[in-house]
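**Student:** Residue strings, one per chain:
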Amino acid sequence: MSFQDVVGVGQNKFIGLKNYKNLLNVHFYTAVWNSVRYCFWTLLLLIPIPIVLAVFLNSKALVAKKFFRATLFMPAITSVVVAGIVFRLIFGETPGAPLNTVLGVFGINPVEWLRNENTAMPLLVLLAMWRWTGINIIYFLSGLQNIPTELYESADIDGASVLNKFRYVTIPLLKPIIIYVLTISIYGGLSMFTESFVFWSNHSQNDSGLTIVGYLYQQGFENGNLGFASATGLVLLLIVITLNLFQLKFFGMFKKEES
Amino acid sequence: MAKTETENVIIIKTKNVKVKSKIKYSHKGLLMVILFIIIAFFALLPFYAMVLASLKPATELFRYGLNLKLDFSIMSIQNYIPLFTDKNILFLTWFKNSVLITLISTVFSLLFSSMVGYGIAVYDFKFKNAIFVLVLFMMMIPVEILILPLYKLTVTLHIINTYSGIILPFVVSASSIFFFRQFASGIPKDFMDAARIDGCTEYGIFFRIMMPLMKPAFGAMTILSALTSWNGFIWPLIQMRTDDMFTIPVGLMSLLTPYGNNYSAVLSGSVLSVLPIIVIFLIYQESFISGLTAGGVKG
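So the sequence lines, in the order shown, correspond to chains B and A.
In terms of the working numbering, the first sequence opens at residue -15 and continues consecutively.
In terms of the working numbering, the second sequence opens at residue 26 and continues consecutively.
Heads up, a few of these hints could be off.
[Claimed, not checked] Simulated DEER-style distance windows between Cβ atoms:
(1) B/VAL146 x A/ILE129: 48 to 54 Å
(2) A/LYS112 x B/GLN129: 51 to 57 Å
(3) B/LEU27 x A/HIS52: 43 to 49 Å
(4) B/ILE92 x A/MET164: 44 to 50 Å
(5) B/PHE235 x A/PHE137: 29 to 35 Å
(6) A/PRO237 x B/VAL146: 41 to 47 Å
(7) B/PHE90 x A/GLN103: 33 to 39 Å
(8) B/GLU96 x A/VAL196: 39 to 45 Å
(9) B/VAL86 x A/PHE232: 55 to 61 Å
(10) B/PHE235 x A/PHE67: 27 to 33 Å
(11) A/THR118 x B/VAL86: 48 to 54 Å
(12) B/LYS50 x A/ASP215: 32 to 38 Å
FYI, nobody ran anything at the bench for these hints, they're computed from the structure.
Ideal placement from N, C-alpha and C gives every residue a C-beta, glycine not left out.
Chain A extracted, bound-state conformation (with noise of 0.2 Å):
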């Protein structure tokens, strides 16, 4: 009959694409993947230079430029030592201070904006349409225009070079709020009502069965927010006044003085803040890379 024929057409042409593209991919594999090399090569080549450049002297670098070329003769890690051991960098201190905040803010963060996105998300009540409007209206905000009136706001409130200074401002962040409003209202309700009926109180129902049931977003939101907060800069710059409550990225710039004097403790200061990164990226790339594109995955 005329629809096994129609069906016999398709199959046999499926069949040639199949045959063709094949023929066709393996040429353009090739090319892909050498493609992909060449942008591969220069995504790394900066960390390659920033690794080596740590390792050299930095009377060298400062005098003739970076040379590209391994030398093993003059490589060594005495850059790093000053961080450790010289008392106008306070390296270990930045460290300390990166971490708190980091840590601090990120578990504030995820609690309040998960709290606010999930009652967005669940809960009817009035008003609830202008706040989540809000929210939308605050992710288009750019950051570097609250710093004005945050400053001060935090001069007022007495908190600047602190770290409450730093962290409350951004305690709640409008776009995690938004992806969990998202993730939330993708939880079906009947979780809800079951736990109500087995009489468990609404505070039960947030951290008992919503927490475990929201973990892939906790999970997202947790590295979005932590290298935000790690790698964050114009509002640390402003808020941190003395050298002994600066964070990494701050601390770095202080130290990069247009005499170079330091370049050398910049440098391994650089490779040192990088470094951990690096490292939690390789062991979580999958939830890194969630994490990231999580404003992108609602359609």
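One chain only, chain B, in its complex shape (with noise of 0.2 Å):
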């Protein structure tokens, strides 16, 4: 499809590789764009920071931990379009709304958030870390009961410090599950787009949040042109399964699976 002009349907055109020349222009490099530096924040704060709250988590020392775990999964479970209503009004653009009172406080000036192209990007990013901590937490968690306990005793008897313990123990043995973290998380950050469309409908100030799917979106379905929205999703493809390959063989996934 991504070779022809798709006029409607059976009505199929060859038309070469005219649909990837296309894609050329200024919008798609900003969605391009948008995506990997969404992907890319996403990765940098959604996989350290969930290690190190699930080793608390998994530590002895906490109390409660059912209850927090519950608590910290219970986003996950709501749908994107419901949490991106709540954001909207937590970021409302009124000086009234939640988050423009707490900055009043500190006498700043209300922020138009979703209208504001500095404030887009960290948006998205915090939808996603509240959606994906808890999951992400929960990943870790699965994969720190598995570490034998020994392993942390003959830590101690040799001595080892606390974050000697965790750079030693901990993130060799959570390797597995770390990469697989890593292979869905690159995956799901390019290929965002429900967030972006709730918050903006899909159209936002000077595509401060449009994404690569975003812009498949707006191509195939609203300017009806699937041929060029079909070249768009498979150089989202490309890039996902380039990533994901590079990384996997950086990792070392493959040579485990040789040996």
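Starting from two chains that each stand alone, build the complex the way the hints lay out.
**Tutor:** And the structure:
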């Protein structure tokens, strides 16, 4: 489909690489840049923080673990649409909206969160953090519970510090889970769409929230240009697969299978 | 002897460490509890905001924004009434659509995915590995890319804007196949051999022996698949063309106009769409968590 000019159902014309040539435009660049940035921030924030929190949740010193685990997990079962609607309220534009009220206490003028280009991306990342921190914690927690306690005991005997234990016991043994979370986060981050759709109905100020899939939707379903949208989709697929293969190779996932 | 000496040293050392760590941990425990209370506060805040907003008059929300203070004098369940009475808000229809689609797709997805996964795990046949690699590859493709060809396909088959259009493309899910395959390959084949000796057919083995044995896998996948279709957005958005076929997320989105005239319905609808899942989650917490981490369990 990506090599065709799809007019209606059943009327296709082969146009070679023209769709790909048309991709070279400012909107598409912005979309790719936004998706990549979003993916980068989610990876940066949603892997290290949940690992540390999972270690805390796994420690014997913490009370009411089940309660905290359940609360942190609740955002993950909420649909993006509902979460987005609530975030729109909290980050409302009026001076009386919750976050602007808090800012008002410190004498900062109200911010139009969703219309401001500088706050659009942080808002998307924040929504992702709210929804995904809990679920990533659970992933890492299930990995931590598979680590035999003997390893920590023998590390204690050898006089390892807490940080050393974390660095040399926890991280290497969590590696398979980290790789798994990394893989699905790359995939999820790059193909993000619903969040941006709920915030701006896919038409944000100066494309500040446009993502690759958002662009695909605009072209394919709003402008009815299915062939061109397919080209967009294939580029996304290419990016996702390249990044993931690179990442898997880099962390030696394939080596393990060979040996 | 030397051996006992080192053993003694070890015991003393571990004792020291244990005493030390106990003292350290009591401070740490307190700090951690405080940290988690803060995080839990932020995790729950949006839920609180949502319920509160759904109880407040929409005009106030739209003009001044949401005030997080509890003010019982202006709170009422007024906002929930239009969901059931307003002729332009087909909330009950959307709810019915969501429930039906979730139910049907979960049942079929579980049945087919478990069959495929079981087949790949247990039987030896030609191209078995090729099929498995294809399944793994499918897991890596974002659903968002498939919507274009699937859209064309459903238009050609004239099943657009129907339940089948929404359910059929995702009736078998690659990640469930993978999960069932991993689970089934962990079950000893002796069960199958014993059943064969007793004259059980291959179908009988699957339905009467393996299915009960794979119960935990079914539990986890039920939740994963049901949650995916309940919360699914992009595919229903494209499939469903008329408002009587919308699912809840698509319906809520359609109410969200730039003018804010339906804000009250959007919020009360959101509460009602999240509520059932939260209740089910609180009851079946363990299976939820194992269901959503299913992919990460394998080493």
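**Student:** Decide, hint by hint, whether the structure agrees.
**Tutor:** Going down the list of hints, with the structure as the test:
1. B/VAL146 x A/ILE129: 48 to 54 Å: Because 51 Å falls inside the window, the suggested range holds.
2. A/LYS112 x B/GLN129: 51 to 57 Å: holds (53 Å)
3. B/LEU27 x A/HIS52: 43 to 49 Å: For A/HIS52 against B/LEU27, whose Cβ atoms are near 32 Å apart, the range 43 to 49 Å is violated.
4. B/ILE92 x A/MET164: 44 to 50 Å: Distance hint for B/ILE92, A/MET164 holds at roughly 45 Å.
5. B/PHE235 x A/PHE137: 29 to 35 Å: Because 33 Å falls inside the window, the suggested range holds.
6. A/PRO237 x B/VAL146: 41 to 47 Å: holds (45 Å)
7. B/PHE90 x A/GLN103: 33 to 39 Å: holds (35 Å)
8. B/GLU96 x A/VAL196: 39 to 45 Å: holds (44 Å)
9. B/VAL86 x A/PHE232: 55 to 61 Å: holds (58 Å)
10. B/PHE235 x A/PHE67: 27 to 33 Å: Given about 31 Å between the Cβ atoms, the range holds.
11. A/THR118 x B/VAL86: 48 to 54 Å: Because 39 Å falls outside the window, the suggested range is violated.
12. B/LYS50 x A/ASP215: 32 to 38 Å: Roughly 37 Å apart at Cβ, these two residues keep to the hinted range, so it holds.
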